[in-house]
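Colleague: The residues making up each chain are set out below.
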Amino acid sequence: MFERDVTQKIKDQKKKYEEKLDKLTAKRPERQAEFATDADIKINTTYTPDDLEGMDYEQDLAFPGEYPYTRGVQPNMYRGRHWTMRQYAGFGTAEETNKRFRYLLEQGQTGLSVAFDLPTQIGYDSDHSLSKGEVGKVGVAIDSLLDMETLFDQIPLDKVSTSMTINSPAAVLLAMYIAVAEKQGVTQEQLKGTIQNDIIKEYMARGTYIFPPEPSMRLITDIFAYCAENIPGWNTISISGYHIREAGSTAVQEVAFTLADGIAYVQAAIDAGLDVDEFAPRLSFFFNAHLNFFEETAKFRAARRLWARIMKERFGAKNPKSLMLRFHTQTAGCTLTAQQPDVNIMRVAFQALSAVLGGTQSLHTNSRDEAMALPSDSSVLIALRTQQVIGYEIGVADTVDPLGGSYFIENLTNEIEQQAAEYIAKIDDLGGAPKAIDFMQKEIQNSAYRYQKDIESGKKTVIGVNKFIMHTERPKDLLKVDPEVGRRQEEKLARLHAERDNAKVQQALADIEKAAVSGENLMPYIIEAVKVYTTLGEICGVLRNVFGEYQQQIVF
Amino acid sequence: MSGKPIRVLVAKPGLDGHDRGAKVIAQSLRDAGMEVIYTGLRQTPEQIVGAALQEDVDVVALSCLSGAHLHLFPAVAEGLRKQNAEDILVLGGGIIPDEDIPALKEAGIVEIFTPGTNTVTVADFIKEKIGRS
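Protein chains in written order, with the working numbering: chain A, 1 to 556; chain B, 1 to 133.
Note that these hints are calculated values from the structure, not bench results. Careful: at least some of the hints might be erroneous.
[Claimed, not checked] Listed below are the simulated BS3-like cross-link pairs for lysine-lysine, each with C-alpha atoms no more than 25 angstroms apart in a straight line:
#1 Lys442(A) - Lys42(A)
#2 Lys453(A) - Lys82(B)
#3 Lys23(A) - Lys192(A)
#4 Lys129(B) - Lys132(A)
#5 Lys492(A) - Lys476(A)
#6 Lys82(B) - Lys132(A)
#7 Lys492(A) - Lys531(A)
#8 Lys42(A) - Lys11(A)
#9 Lys442(A) - Lys132(A)
#10 Lys453(A) - Lys42(A)
#11 Lys129(B) - Lys82(B)
#12 Lys531(A) - Lys514(A)
#13 Lys129(B) - Lys476(A)
#14 Lys16(A) - Lys27(A)
#15 Lys20(A) - Lys42(A)
#16 Lys105(B) - Lys453(A)
#17 Lys82(B) - Lys480(A)
#18 Lys9(A) - Lys23(A)
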């Protein structure tokens with residue numbers, strides 16, 4: 001890229017500089033014997049044009065909005081419009097979460113992101129025995145369309161975009177969203193949003209799986225096909241590295257395993273008879289913004305370039321939109337400390353900045369109190385304001401890819417891309433991501449353990465935990481989920497069972513069962529079922545009977 | 001302190017899928033010389049009690065980050081008592097608010113380890129309570 005700068009003169013000067021450094025460090029040793037990123041990529045004292053030898057501006061970087069999209073997916077990025085400020089939220093009942101949503105929108109948030117409770121994510125109604133103690137805890141409890149109507153009460157679905165963190169039962173929640181929109185007079189063509197719908201990372205790192213891989217992949221491709229035809233503005237999947245990283249992976253593993261999952265979904269859809277350029281423009285991604293600032297920024301750039309190359313070279317995609325890796329980012333929950341929790345505000349700010357410098361399309365900033373509880377109103381407001389400071393006050397959104405061309409950033413981008421590509425080749429050898437789950441889990445676990453040991457040995461510093469320790473009182477205003485929420489959901493369900501037209505529900509369930517067996521696209525049948533107030537648990541129950549359940553392999 | 005190695009069941013009760021902490025604890029206890037069995041995700045309290053008896057463990061270490069600990073942890077301790085296995089040391093970890101800790105201890109969870117705990121602290125605690133290493 002800087003070919004004409006890589007002169008013999010620079011190489012000679014670098015040699016002299018390094019000799020000088022050796023003398024200096026012999027006299028005064030540096031803070032550490034060696035420096036490396038979190039993914040253990042060695043960091044040099046400084047970087048110069050010869051660290052980028054062989055790099056080609058047009059092929060490897062190009063202009064923003066141009067293949068391979070290293071510098072960003074749009075020509076002018078945040079000069080046109082800021083990233084979507086989207087806080088993941090949900091707890092208790094639909095009423096309480098609706099209130100939080102409207103509060104966030106009033107404070108200038110520009111998109112919604114729904115957190116569902118674990119029973120909802122695993123396809124159980126609130127009155128199921130396994131739901132006991134879990135209802136409304138990590139997200140909002142949704143049993144039927146009734147709850148979904150309340151959740152989006154007074155929120156115009158033709159105006160906001162909504163992201164839903166839902167995987168195994170994604171088809172059911174998408175169907176409910178479509179049905180609520182219809183009641184508001186909003187058509188499917190007008191809807192904008194995302195469902196996570198990424199099952200492989202559930203097996204690998206997040207745990208809310210229901211069905212075995214094969215029928216799960218079929219549900220996913222059913223959604224791809226249905227949305228390509230009916231909801232052009234819907235992101236049909238959010239291929240997620242976030243949870244892989246939270247489970248302990250390195251930045252390189254996060255990119256590699258996420259893109260390997262992406263490859264598996266694209267292949268599955270092609271195998272199901274879809275044309276790559278028909279569905280690939282609606283694929284989206286979700287990454288973590290962790291602590292190692294430059295490595296994170298380089299990671300987003302590397303992921304974008306690697307994905308563009310994979311889509312073009314491996315799958316022969318032609319539509320530029322099929323080649324663009326668009327992504328949401330969330331700051332790293334696992335880096336938040338319960339000790340001196342206000343310090344988390346700074347961690348989150350730097351992590352968020354790395355995501356913006358890396359060209360994210362939307363962003364969630366974590367709240368300072370999340371190592372202890374779900375975020376309080378006051379904490380979530382600081383988190384949102386942090387994004388607004390980055391977007392409106394400090395000028396980083398005024399030019400595209402401001403770190404592009406930095407010798408260090410470009411070198412790191414190259415390193416991450418290359419190491420991730422090596423991992424992907426290894427996963428290909430194992431037969432692709434669905435067959436390499438054990439391998440990836442083991443790799444993640446080893447990294448997580450090394451990270452913990454590095455904290456305990458003091459090699460890695462965590463302020464408040466192994467350095468600058470100070471006793472502080474726990475915050476007093478932590479959010480507490482009402483313990484009565486489970487009982488209230490159970491009562492609501494009992495009323496629903498008594499009041500709805502149960503003959504219609506039974507017919508809808510029989511139709512779903514038939515389509516599940518025959519292989520017909522399930523989406524239209526699920527939409528019909530939710531409209532007559534069939535519950536999530538009933539629909540997933542029928543699918544469980546037909547598809548069976550996933551049995552976790554314990555890798556330890 | 002000597003004798004046969006301490007046996008530990010690391011368990012994930014409920015629907016929570018966060019198992020980074022459970023696995024890190026499992027691996028560190030193994031490195032500290034203990035025999036460790038990990039249950040995997042989504043175990044009911046009954047399944048955990050059954051596994052603890054079958055594996056003849058000295059310790060059950062429960063991990064929950066979903067907020068369901070007040071329901072799940074006491075159910076495990078109660079189940080062990082019903083099987084006359086109250087000599088098994090029950091520990092808990094995860095996102096546990098301070099104000100919930102007294103109720104959990106009352107229910108028979110001997111110690112609660114919250115985020116930021118050093119793994120060596122956990123191993124030392126177990127060795128001291130069990131009285132061998």
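Colleague: Would you mind marking each hint as holding or not holding in the structure?
Modeller: Now for the hints, and whether the structure bears them out:
A threshold of 25 angstroms between alpha carbons decides the hint, and for lysine 442(A) with lysine 42(A) the separation of about 23 angstroms falls inside it, so the pair holds. Taking the CA atoms of lysine 453(A) and lysine 82(B), the gap is near 38 angstroms; set against the 25 angstroms cutoff, the hint is violated. For the given pair, lysine 23(A) sits about 60 angstroms from lysine 192(A) by alpha-carbon distance, which is inconsistent with the 25 angstroms threshold. Straight-line distance between C-alpha atoms of lysine 129(B) and lysine 132(A) comes to about 32 angstroms, which puts the hinted pair past the 25 angstroms bound.
For the suggested pair lysine 492(A) and lysine 476(A), the alpha carbons sit about 32 angstroms apart, so the restraint of at most 25 angstroms is broken. For the hint pairing lysine 82(B) with lysine 132(A), the CA-to-CA distance comes to about 21 angstroms; that is within 25 angstroms, so the pair holds. At most 25 angstroms may separate the alpha-carbon atoms for a hinted pair to count; lysine 492(A) and lysine 531(A) meet this at roughly 17 angstroms. Taking the CA atoms of lysine 42(A) and lysine 11(A), the gap is about 20 angstroms. The hint holds against a cut of 25 angstroms.
This hinted pair does not check out: lysine 442(A) and lysine 132(A) have alpha carbons roughly 31 angstroms apart, beyond 25 angstroms. Taken as a hint, the lysine 453(A) and lysine 42(A) pair is honoured in the structure, with Cα atoms around 19 angstroms apart against an allowance of 25 angstroms. As the CA atoms of lysine 129(B) and lysine 82(B) are separated by approximately 22 angstroms, the hinted pair is consistent with the 25 angstroms bound. Annotation: proposed proximity of lysine 531(A) to lysine 514(A) holds, straight-line Cα distance about 18 angstroms (limit 25 angstroms).
The suggested pairing of lysine 129(B) with lysine 476(A) is violated, with an alpha-carbon distance near 33 angstroms, which exceeds 25 angstroms. Restraint check: the Cα-Cα separation between lysine 16(A) and lysine 27(A) comes to about 17 angstroms, which is no more than 25 angstroms; the hinted pair holds. For the proposed pair lysine 20(A) and lysine 42(A), the alpha carbon gap of about 20 angstroms is at most 25 angstroms, so the pair holds. For the hint pairing lysine 105(B) with lysine 453(A), the CA-to-CA distance comes to about 29 angstroms; that exceeds 25 angstroms, so the pair is violated.
A distance of roughly 31 angstroms separates the Cα atoms of lysine 82(B) and lysine 480(A); the hinted pair therefore is violated under the 25 angstroms criterion. Distance restraint check for lysine 9(A) and lysine 23(A): the Cα-Cα separation of roughly 22 angstroms lies within the 25 angstroms cut-off, and the hinted pair is therefore satisfied.
Violated hints, listed in ascending order, are 2, 3, 4, 5, 9, 13, 16 and 17; each of the other numbered hints is respected by the structure.
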